[in-house]
Amino acid sequence: MAVISRGFTGRSREHNPQLPPGQYLTTDFPVLSAGPTPDVKTADWQFGIRTDDATLHTWNWDELNALPIETIDTDIHCVTRWSKFGTRWRGVSIDTLFADVSTTDRYVMAHSYGGYTTNLPLADILGGKAWIALEFDGQPLDAEHGGPARLLIPHLYFWKSAKWIHSIEMMPTDEPGFWEQNGYNMYGDPWLEQRYW
Amino acid sequence: MVTERETRDAPPHRIGLWHVGVVVSTAVETPTARSIVLDVPGWGGNIAGQHADVRLTAPNGYQAVRSYSIASAGPSDRVQLAVDRFPTGEVSPYLVDDLLPGDEIELRGPLGGWFVWKPTQTEPVQLIGGGSGIVPLMAMIRSHAASGSTAPFRLLYSVRTPDDAFFRSELETPTAHLEVTWAYTRHAPDGWPRQAGRIARADLSASAFAASLSPAVFVCGPTGFVETVANHLVALGHDPERVKTERFGGA
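Read top to bottom, the protein sequences are chains A and B.
Each residue of the first sequence is one higher than the one before, starting from 8 at the first, in the working numbering.
Each residue of the second sequence is one higher than the one before, starting from 4 at the first, in the working numbering.
Hints are supplied without guarantee of correctness; some may be wrong.
[To be verified] Under 10 Å between C-beta atoms, here's a sample of chain A residues computed to sit facing chain B:
1. P37
2. G121
3. A150
4. G190
Everything labelled a hint here was simulated from the structure, so no lab data went into it.
Glycine included, each C-beta is placed from N, C-alpha and C at the ideal position.
Construct the complete structure from the given sequences, taking the supplied hints into account.
Next up, the structure:
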């Protein structure tokens, strides 16, 4: 069905089973943001989880850093079609943060400093699948890559890994976040190529 | 950053289908870039600032897809792209060096409901582009002109040298309600009043709409350019929620 592009061969390559469909490999770390990079000082930083009964669990920077910090080696996949293999992060598992949180809700909205939002099923951020990342490649996270702290949810397209994470709010139903209202998929599985509406 | 109003009137997305586009013409824009006009039956038009997925297919069935900003806007099935060659890229060298009039490529879209300008907007608009970052801003300038909008537009366009400007003749043609300021980062034309150098806060103070006018601001270009400009704008008092950015990477 597709038309052949005269003279186009592409790069000769064998299929790489590590690369989701429609992705290409990069060694850069491109930046995608919808607005200015917020300047968030760790002295002012706070992270919270708000549950359906309006209970707010909060951590300041020192409290977060006092929790068990895990090393995560993972591939990441951006909806703009780059994938980056073997990235190394350090961060706090969302399981650790939810240890004392009880909720019957099945969805969450992640909120960032600067106003960005993204929606997720709760099941996708528990069970060792998601972290609040504080370091990338052995260094504190740069502001343009989401520092001082961002979500890291490597099994979904990277727009779900909200930069400048500020809070997680429980939701009874799945509501669209920022890019999800602007044309991107509600779930974003790179292996199913769930890029757009 | 997200308000009810801005998101509710996001455009409809008709992105499921791949359309066959036929190359009508190409034009050299810079030593490394060219613009490509395509007829894409069924495209149905796009809003200024949106982008398109472009798919190339090799004879063995191998496909590569990349997103490119659209330089044109409006209801037409005729679409203009402008592509800078990313030397180690897989798709952009083909589009810049190999594509000929009459060739067919596939497009899907339009995509994106955030970095867009619509003729119904009446506030002042400040466009700030670096290099190929002019492409979605050009669509806004064209949409503004075509609609007869009287919203005041300003463009601050940063390029390395005079040869690196996209759409130069069009941007140098005086247009109602549009002011264009050029900034050269490596070398400027002889006698140019501004010394060559990257856009500084003083450039924004001198030639961009002031924050007090609450302009809508669109910044597009390489990541470092966008980071620097957006940080200056916030420092100059612009509401971060009114500064929309798009960062270009190679493809």
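We went through each hint and held it up to the structure:
With a least beta-carbon distance of about 4 Å to chain B, the hint placing P37 (chain A) at the interface is held under the 10 Å criterion. Below 10 Å, beta-carbon pairs count as interface contacts, and G121 (chain A) has one with chain B at about 6 Å; its hint therefore holds. The beta carbon of A150 (chain A) comes within 9 Å of a beta carbon in chain B, closer than 10 Å, and the hint placing it at the interface holds. The closest approach between the C-beta of G190 (chain A) and any C-beta of chain B is roughly 5 Å, which is under the 10 Å cut-off, so the hint is satisfied.
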